[in-house]
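All chains should be modelled from the sequences, with the hints used to inform the complete structure.
Chains as they are written, first to last, in numbering that gives the first Met the number 0: chain A, 0 to 75; chain B, 0 to 394.
Worth double-checking, as some hints may not be accurate.
Claimed, not checked - In the DSSO-like style, the derived pairs of lysine-lysine whose C-alpha atoms are separated by at most 30 Å in a straight line are: (1) Lys-1(B) x Lys-7(A); (2) Lys-285(B) x Lys-7(A); (3) Lys-26(A) x Lys-285(B); (4) Lys-26(A) x Lys-1(B); (5) Lys-337(B) x Lys-349(B); (6) Lys-1(B) x Lys-60(A).
Said to hold, decoys possible - Partial list, computed: chain B residues near chain A (C-beta under 8 Å): (7) Ile-15; (8) Arg-132; (9) Met-133; (10) Tyr-135; (11) Thr-161; (12) Ile-223; (13) Leu-248; (14) Thr-273; (15) Arg-274; (16) Ala-275; (17) Ala-286; (18) Thr-362.
No wet-lab data here; the hints were simulated from the structure.
Quick reminder that beta carbons are idealized off the backbone N, C-alpha and C, glycines included.
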Amino acid sequence: MCLAIPAKVVELRDGDLAVIDLGGVRKEISLALVEDVWPGDFVIVHVGYALQKLDPVEAQKTLALFAGLAASEAVA
Amino acid sequence: MKYVDEFRDGGLARTIAARIAAEVRPDRTYHFMEFCGGHTHAISRYGVTDLLPANVVMVHGPGCPVCVLPIGRIDMAIELVLASPPTPLRKAGCGPSGRGPSRSLCTYADTMRVPASGGLSLMKAKAKGADIRMVYSASDALRIAREEPDREVVFLAIGFETTTPPTALVVREAAALGLTNFTVFCNHVLTPSAIAHILESPEVRDLGTVVIDGFVGPAHVSTIIGSQPYDYFAEEYRKPVVIAGFEPLDVMQAIEMLVRQVNDGRAEVENEFTRAVTPEGNARAKALVADVFELRRAFEWRGLGKVPYSALRLKEQWASFDAERRFTMTERSVADNKACECGAILRGVKKPTDCKVFGTVCTPETPIGSCMVSSEGACAAHYTYGRFRSEASTA
Ligand code: SF4
Chain A
0 MCLAIPAKVV
10 ELRDGDLAVI
20 DLGGVRKEIS
30 LALVEDVWPG
40 DFVIVHVGYA
50 LQKLDPVEAQ
60 KTLALFAGLA
70 ASEAVA
Chain B
0 MKYVDEFRDG
10 GLARTIAARI
20 AAEVRPDRTY
30 HFMEFCGGHT
40 HAISRYGVTD
50 LLPANVVMVH
60 GPGCPVCVLP
70 IGRIDMAIEL
80 VLASPPTPLR
90 KAGCGPSGRG
100 PSRSLCTYAD
110 TMRVPASGGL
120 SLMKAKAKGA
130 DIRMVYSASD
140 ALRIAREEPD
150 REVVFLAIGF
160 ETTTPPTALV
170 VREAAALGLT
180 NFTVFCNHVL
190 TPSAIAHILE
200 SPEVRDLGTV
210 VIDGFVGPAH
220 VSTIIGSQPY
230 DYFAEEYRKP
240 VVIAGFEPLD
250 VMQAIEMLVR
260 QVNDGRAEVE
270 NEFTRAVTPE
280 GNARAKALVA
290 DVFELRRAFE
300 WRGLGKVPYS
310 ALRLKEQWAS
320 FDAERRFTMT
330 ERSVADNKAC
340 ECGAILRGVK
350 KPTDCKVFGT
360 VCTPETPIGS
370 CMVSSEGACA
380 AHYTYGRFRS
390 EASTA
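Shown next, in the form of structure tokens:
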């Protein structure tokens, strides 16, 4: 019920709507809850709404943390 | 899939596991509660516990909105629509038994199978003729109301802070469209109040105390409310909280961060899910929720009982969209099935296997208690992914 997925925005449509790509599957969702989203951005999607934008730099830092690297090495 | 697969990498999982093993003190045990069903699901599905040292114990919390929805609320929803059989479309105001147009209930799929009183569930009520429809999104319910103006369309809204903003949006849209046949039966609940309740509720005396050294904090709930609301737990209860994403590596990394905090004697809010969670959360979503909803003085949670200021209802201003104000709905409280241990499981006091009917009478196909309904419930997660492992180890 609370699960949400990161998905790539591929197209903006009228009325705060957008098309996302989920591993090849396309779906229309609402962007009414988020600001400043453009095609190519990743958003966290839940029950048909984007809840938040995904920050690629922070994602990279987290992956570096898993590997035990300092965050600065990851984004450098 | 990008931002999914990298966070499930087996090699990295072993790297984090090795670090956790090196950091835990052999002379103590660490109990961490994952509040969210999403984490419970990830832990069971990816066998995270198998990668942890024996003295790091994960305690499942109440964080599945389906699991905490009490029987009484489902009964109220069923009553609202069961007496109103689907009939061919007719003019508004002249339905059966003189009570106006027939009613339709729209809800998310997971809610359909939650056991209610008298052997019913929404699914069974539907089979009996009630017009109950599964929707993927709150906007689908609104669309049905627009397309079928002769029906009273009630959206049974459930969920934590993730599903609340969409509900707020559709209420405002319905108002903007001037719809008079759309209402919300609001069952939205708040995560921080439930965590506080677990830490201080008087019922722990009956159910036993659960030792909690720290919390794995909700991922998607925090995308909306941010990490700040958890500062209170760190300060007031001296419990570390690490907000974590829902992929297995996120959970493991959070566990490592919790172990470190415990070892250092710290109790802080840390954020592992920085790729989507900020301290403030989503300002636009929070403003929408504040515009449409207000706190209920108390709300019953399945398994936790009445929790003060733990749920929302529509503000007076939006009263005409509130099913509880618009229709006669009587609040009621119904006890769980006697055999069911959901109450203790939701508080982390017992494990699914402690329940006598687990996996025999109660299965995901025939749930007795709500923890067996959604894949994020502790019983369903354990049944689906953990059962054979624990059976093998006890054989
Ligand atoms: S196994 Fe079924 S009845 Fe027992 S606690 Fe879990 S959900 Fe409740």
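Under 8 Å is the threshold here; is the Cβ of Leu-248(B) close enough to any Cβ of chain A for the hint to stand? At 5 Å from the nearest chain A Cβ, Leu-248(B) passes the 8 Å test, so the hint holds.
Is the interface hint for Ile-15(B) satisfied, with its Cβ closer than 8 Å to some Cβ of chain A? 6 Å, holds
Holds or violated: are the alpha carbons of Lys-26(A) and Lys-285(B) at most 30 Å from each other? 25 Å, holds
When you check the alpha-carbon spacing of Lys-26(A) and Lys-1(B), does it fall within 30 Å? Cα-Cα ~17 Å, so holds.
Chain A contact restraint for Ala-286(B) - C-beta distance below 8 Å: 10 Å, violated
Can the hint on Thr-273(B) be confirmed by a CB-to-CB distance to chain A that is less than 8 Å? Hint holds; Thr-273(B) Cβ to chain A Cβ min 4 Å, cut 8 Å.
Is the hint on Arg-132(B) kept, meaning its closest Cβ partner in chain A is under 8 Å away? Violated: closest Cβ of chain A sits about 15 Å from Arg-132(B), beyond 8 Å.
Is the hint on Thr-161(B) kept, meaning its closest Cβ partner in chain A is under 8 Å away? This hint holds: Thr-161(B) lies near chain A, its Cβ roughly 5 Å from the closest one there, short of 8 Å.
Does Lys-7(A) lie within 30 Å of Lys-1(B) when you go C-alpha to C-alpha? At roughly 9 Å apart (the allowed maximum being 30 Å), Lys-7(A) and Lys-1(B) satisfy the hint.
Given a cut of 8 Å on the nearest C-beta pair, is the interface hint for Ile-223(B) held or broken against chain A? 6 Å, holds
Taking 8 Å as the limit, does the beta-carbon of Tyr-135(B) come near enough to a beta-carbon in chain A? 6 Å, holds
For the restraint on Ala-275(B), tell me whether the closest CB of chain A is nearer than 8 Å. 5 Å, holds
Comparing the model with each earlier hint shows violations of hints 8, 9, 17, 18; every other hint is respected.
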